[in-house]
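Colleague: These are the residues of each chain, in order.
Number of protein chains: 2
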Amino acid sequence: MPDPLDPRCPVARTLDIIGERWSFLILRDLVLHGPRKFSDFQTSLGAISPNTLSARLKTLEDGGVIERRLYDEHPPRAEYLLTPKGAALRPVLRALRAWGEQHAPRRAPTRAAS
Amino acid sequence: MPDPLDPRCPVARTLDIIGERWSFLILRDLVLHGPRKFSDFQTSLGAISPNTLSARLKTLEDGGVIERRLYDEHPPRAEYLLTPKGAALRPVLRALRAWGEQHAPRRAPTRAAS
Chain A
1 MPDPLDPRCP VARTLDIIGE RWSFLILRDL VLHGPRKFSD FQTSLGAISP
51 NTLSARLKTL EDGGVIERRL YDEHPPRAEY LLTPKGAALR PVLRALRAWG
101 EQHAPRRAPT RAAS
Chain B
1 MPDPLDPRCP VARTLDIIGE RWSFLILRDL VLHGPRKFSD FQTSLGAISP
51 NTLSARLKTL EDGGVIERRL YDEHPPRAEY LLTPKGAALR PVLRALRAWG
101 EQHAPRRAPT RAAS
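Those protein sequences? They're chains A and B, same order as listed. Quick note: the first sequence uses my numbering, first residue 1, plus one each step. Quick note: the second sequence uses my numbering, first residue 1, plus one each step.
Calculated directly from the structure, the hints in this document are not laboratory data. Predicted model only: the values in this text are computed from it and were never measured. Beta carbons are placed, not taken as given, at the ideal position from N, Cα and C, and that holds for glycine. Among the hints, erroneous ones may be present.
As the list claims (entries may be wrong) - Far from chain A, some chain B residues (derived; all Cβ distances over 10 Å):
id, residue
1, I17
2, A78
3, E101
4, H103
Stated by the list, open to error - Rough simulated footprint, nothing fancy, chain A against chain B, three-plus residues with beta-carbon under 8 Å:
id, region
5, 10 to 16
6, 24 to 34
7, 66 to 75
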């Protein structure tokens with residue numbers, strides 16, 4: 001059976017690291033806001049379960065695109081940030097944003113800006 | 001609870017249509033090979049189940065990025081192709097490929113080219 005993630009295809013290899021919706025949104029947050037705590041992701045990604053968020057962060061960490069850094073020791077507190085390899089994904093996010101701005105309509109009327 | 005697919009964020013709106021690994025790989029095939037039949041996707045995406053493939057094609061069709069076209073009537077045979085809106089996703093695929101070529105190593109030694 002052919003390998004759906006053909007090791008010869010760089011698109012498939014990339015998706016092996018970042019190929020899920022939540023992973024893209026985690027990366028979007030890090031690109032937009034810089035280092036983020038676990039709870040920050042929970043706030044911005046509302047519907048994600050803690051287990052799923054942990055799993056996605058782990059995959060991104062294992063793939064070398066984000067790193068986990070302790071910024072306090074008593075009590076231990078960690079934040080996540082993009083590595084240089086992760087920062088190199090900005091063109092992917094930019095391309096997704098550009099396409100969405102042009103081709104993916106807003107799904108609901110927004111409330112009046114205040 | 002915040003909407004994880006914030007309608008105001010074009011990245012999230014784009015991922016609502018193409019935000020799964022299989023969807024990206026379907027689009028990759030269409031960009032690389034042009035119109036494809038259901039069975040062509042099954043061959044190239046080996047591990048995908050028919051139900052999942054149907055569901056992804058449906059989502060992409062509903063999102064207006066691919067269309068299904070009958071190319072024969074006796075018996076009826078259909079193929080899938082990119083719409084102009086789908087073709088506009090090429091920069092996303094290009095960005096994924098470029099990143100993969102530079103940052104996502106091949107996962108297994110390839111057999112000697114014959």
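Colleague: Return the numbers of the hints above that this structure violates; sort them in rising order.
Modeller: 1, 3, 4, 7
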